[in-house]
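Chains A and B, in that order, give the protein sequences.
The numbering of the first sequence is this note's numbering, which starts it at 1 and goes up by one.
The numbering of the second sequence is this note's numbering, which starts it at 317 and goes up by one.
Be aware that one or more of the hints could be misleading.
[To be verified] Keeping only pairs whose Cα atoms sit at most 25 Å apart, straight-line, the calculated SDA-like set for lysine to any residue is: (1) B:Lys453 with B:Leu465; (2) B:Lys461 with A:Val240; (3) A:Lys103 with A:Val298; (4) B:Lys461 with A:Thr226; (5) B:Lys655 with B:Arg618; (6) B:Lys438 with A:Val298; (7) B:Lys438 with A:Phe229; (8) B:Lys484 with A:Gly221; (9) B:Lys438 with B:Gly467; (10) B:Lys632 with B:Ser684.
Quick caveat, the hints were computed from the structure, so don't treat them as lab data.
On a predicted model such as this, the values are computed, not experimentally measured, just so you know.
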Amino acid sequence: MTASAHPKQAARTTASEPSGLSQRLGRMSVTAIPMVWLLAFFALPFVFVLKISLAEADIAVPPYTALLSWVDDKVLSIRIDFGKFLFLFEDNLYLAAYVGSLKIAAVSTFFCLLVAFPIALFIARQSAEMRLLWLAVVMLPFWTSMLLRVYAWIGILQSNGIVNSVLVWLGVIDEPLALLQTDFAVYLGIVYTYLPFMVLPLYATLEKLDETLLEASADLGARPATSFFTITLPLALPGVVAGCVLVFVPAVGEFVIPALMGGPDTLMIGRVLWDEFFSNRDWPMASAVAIVMLIVLVVPVMLLRSRGRQQSFGHG
Amino acid sequence: MTSLAPIRSASAPADTPFVRIEGVTKRFGDFVAVNNISLDIHRSELFCLLGGSGSGKSTLLRMLAGFEHPTEGRILIDGQDMTNVPPYERPVNMMFQSYALFPHMTVADNVGYGLRRAGVRKADIKRRVVEMLDLVKMGDFARRKPDQLSGGQRQRVALARSLVRQPKLLLLDEPLGALDKKLREETQFELMKIQSQLGTTFIVVTHDQDEAMTLATRMGVMNEGQLVQIGEPRNLYEFPSSRFVAQFIGAVNMFEGRLVEDEPDYVRIRSEEAGCTLYVSHGISSAPGQSVHVAIRPEKIRLSHETPAGADNVVKGVVDEVAYLGNVSVLQIRLGTGKLIRATLPNLDRHESMVFEPSDPVYCSWGSSSGVVLTS
Numbered sequence: 001m002t003a004s005a006h007p008k009q010a011a012r013t014t015a016s017e018p019s020g021l022s023q024r025l026g027r028m029s030v031t032a033i034p035m036v037w038l039l040a041f042f043a044l045p046f047v048f049v050l051k052i053s054l055a056e057a058d059i060a061v062p063p064y065t066a067l068l069s070w071v072d073d074k075v076l077s078i079r080i081d082f083g084k085f086l087f088l089f090e091d092n093l094y095l096a097a098y099v100g101s102l103k104i105a106a107v108s109t110f111f112c113l114l115v116a117f118p119i120a121l122f123i124a125r126q127s128a129e130m131r132l133l134w135l136a137v138v139m140l141p142f143w144t145s146m147l148l149r150v151y152a153w154i155g156i157l158q159s160n161g162i163v164n165s166v167l168v169w170l171g172v173i174d175e176p177l178a179l180l181q182t183d184f185a186v187y188l189g190i191v192y193t194y195l196p197f198m199v200l201p202l203y204a205t206l207e208k209l210d211e212t213l214l215e216a217s218a219d220l221g222a223r224p225a226t227s228f229f230t231i232t233l234p235l236a237l238p239g240v241v242a243g244c245v246l247v248f249v250p251a252v253g254e255f256v257i258p259a260l261m262g263g264p265d266t267l268m269i270g271r272v273l274w275d276e277f278f279s280n281r282d283w284p285m286a287s288a289v290a291i292v293m294l295i296v297l298v299v300p301v302m303l304l305r306s307r308g309r310q311q312s313f314g315h316g
Numbered sequence: 317m318t319s320l321a322p323i324r325s326a327s328a329p330a331d332t333p334f335v336r337i338e339g340v341t342k343r344f345g346d347f348v349a350v351n352n353i354s355l356d357i358h359r360s361e362l363f364c365l366l367g368g369s370g371s372g373k374s375t376l377l378r379m380l381a382g383f384e385h386p387t388e389g390r391i392l393i394d395g396q397d398m399t400n401v402p403p404y405e406r407p408v409n410m411m412f413q414s415y416a417l418f419p420h421m422t423v424a425d426n427v428g429y430g431l432r433r434a435g436v437r438k439a440d441i442k443r444r445v446v447e448m449l450d451l452v453k454m455g456d457f458a459r460r461k462p463d464q465l466s467g468g469q470r471q472r473v474a475l476a477r478s479l480v481r482q483p484k485l486l487l488l489d490e491p492l493g494a495l496d497k498k499l500r501e502e503t504q505f506e507l508m509k510i511q512s513q514l515g516t517t518f519i520v521v522t523h524d525q526d527e528a529m530t531l532a533t534r535m536g537v538m539n540e541g542q543l544v545q546i547g548e549p550r551n552l553y554e555f556p557s558s559r560f561v562a563q564f565i566g567a568v569n570m571f572e573g574r575l576v577e578d579e580p581d582y583v584r585i586r587s588e589e590a591g592c593t594l595y596v597s598h599g600i601s602s603a604p605g606q607s608v609h610v611a612i613r614p615e616k617i618r619l620s621h622e623t624p625a626g627a628d629n630v631v632k633g634v635v636d637e638v639a640y641l642g643n644v645s646v647l648q649i650r651l652g653t654g655k656l657i658r659a660t661l662p663n664l665d666r667h668e669s670m671v672f673e674p675s676d677p678v679y680c681s682w683g684s685s686s687g688v689v690l691t692s
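Here chain B stands alone, though its shape is the one from the complex:
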């Protein structure tokens, strides 16, 4: 299986979508868990559904697995209508958040369960279980019971069990949620490696934006049952389409303002919060006077003790708090208008020359292409 070349790619292939979700709505009584979602996922993608609790991401995943049935809409997998097909007849497997390992079976029996149900020959089951356990580096634990394993080991067994049937589509519900931070980061890369080795299409549900950014070739942000934005992680971070997405993915400084000038290649926004007029080098084609927000990421703000020369946007403030995180320092700065903004400084030198202390006056500046104007 290592002979397979990596086929991990962000660019969507031109063929028909592998998973097609068509106008799917799910209601539980009066509550709309999933609200009219349409989404195409291509073969060999690692698609992340990112959202907070109650955003409907897990319900969408459970509908793909067949545990819930859509109130409206259709789900097609590999061109076949799966809307009302029971879970045990779908070419889909799921890795559960709780792992759901069978406590009365050994690791090998857990992994072989799906193959026994498919009527695979005993010798073949044995061989494939060994192969799968080796892939997730659990070969030495085949005869253990789940309660004799650590959290990380259980996670691997659950992954092996869900992959052993060679599903066309693997659904992962918070696959790394129960692991501690260090293990989670290691496992993320392993998961990506396995996915590109096998070429299986993965759909991952997570509430952890770092996890989604690391894993995903493409991701969708969900809020209140709706898909707010779909795109590659980089696009979602740099070009959020709404305040929700900008704030949900990463940290952001948000300035409320009023559009004073809107040209095709630039806009000027008068912001009371910033205490100045902000200059952003992309047009938004809206009527002047409209209320908008300008979003600037903390790492795009430059800090200086002196007035910076030739900067497009400059605001003056006082350092409020400094948090040293090792790789970066996070500074909270109080502007003259009273608004607090956040800026991050990479710690490039071990003997930091330009140090900011609380109550130092400071100039914050950023380029014209750093900010994003958001109308919703």
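Excised from the complex, chain A in its bound form:
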């Protein structure tokens, strides 16, 4: 803002000293927007949740105790309760839910990658107009509500649903299979729902892949399958990583799909969170669960990122 107010002055300053004040202010005003956004919608809410997680549950509005309170109007007392965090490790339920979530998210991410890679490769090999069309086809389900699509899957998978009806009619099976309320249904739901998040970053890297590299590979004696593993896959790695993060992270905290399609023994952290909040009305416990989940997710992603950065620095 300041920079654009005095364009002549700014230009002169830039010419004489590259890191002039007005230029620095201009740069700051640009970076300020995401900073303010992060502060308002991530950092502040995080602090609130952290605060609640360190409080005790109370039958009040809001349903937790205050961290700071005045004793006799003279002494400021701070009550921090780590009990909820300790309890997380005491009760096996939470550990099982975390492990269950990570397992379901990891398996779904893997299958999502397996399904998305051929799709992305196929789209990237199309002509420019056809690519847009196919991308639109991949995105199209997103235009309807996710809840609606999950209910559609319930209709398809339930014991008198389409799949079972057809199989029984064909005589392949005598009795309907229990497809719904299983881990399989949860995997299916997550893979289906998050597929575009995997396809798009993969497509973005594969589309940039120079096809003469594959010709060079074939020319040097590599069969198509070998070329895929030695050229296409390594060069698509940034897209693979981006897609996996985009699918894995929301899948860990997924609530709707396991709640509607999973069985009673499908234990995921999103469900635990819901129960703590709405059944037990234990906000501090729910907040502690959420904070630990954040740590469980953020730490591996940050490690992955710093490794990626080291590698790209290694290239020069």
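Position chain B against the provided structure of chain A, taking the given hints into account.
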């Protein structure tokens, strides 16, 4: 590998052709990229395919590599039908115009890629990669990634990678196209040296006539999917068979005219453009009255201030422009008929005695054997 004697030779050996292209046509939809080409290339030749963009030269090369399949015709390499053999099973390697180096691999891994695919033992791969990198003088860069190399260095790595499998035939698509002029000239000679050392048959595609003339033992000129003329560089330059070839290779002055006299050992052509009758000392056996063109290269025109004595062909004009290029001067001369012609003068002396300035009157003359009569 330096023990190999140079086997670079223009004369085609008498044995069967190493590469035989038989009536090959390639269509993309309605577009005919390559139109019924037949061509024989012999062992250890350095054959250049010269043509403008869209002439079909790259498509022909890609068919030899196996990336495209002919719509009609056959391709035989070393006596074997390769028409429908996939690229990874051909005894052929290609050096790509963009070099197509694998960006995620080091120079050594790039060069060794072809050997790993062939299942060569690890120790042998290492040795051959080192040998190959030394040949192209890139031994010190084995551990770099392609994006840490200059254009010229990448070109060398690409060459090493395409040669490491010891292909019977190496295809080079605009091998020097991405280099600057100075580097290109140096690299041309190096490429020739490597080719004669290894004795590999090279087929080079280029749009640069200087490059083709320098590199080739034999070359073919392509236009609109057809091979217009095949021959040694010197023959193509001095004895072009058509106006296209004469104009595509080097600069040329072209006089349109009408055949007035056609004898076995000479022809006379009445040219309105030249403003006189031109005398050329070779027959063409055509009917008198036929419309023909006479092509004269700029360096074959002699210039003088006085009427030259005993010259076969003389036209008078006025110097229009002079361009001093250092080694030669290029003069543009306007003839009495209004036609502009071009003549080059070698700068023999540092203190040039015979200088032509714009608007000087000048006599242009050339011998009877300097011109070429073209009927097509």
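Next item on the list: Provide an ascending list of the numbers of those earlier hints which the structure does not satisfy.
Entry: Violated: hints 6, 9.
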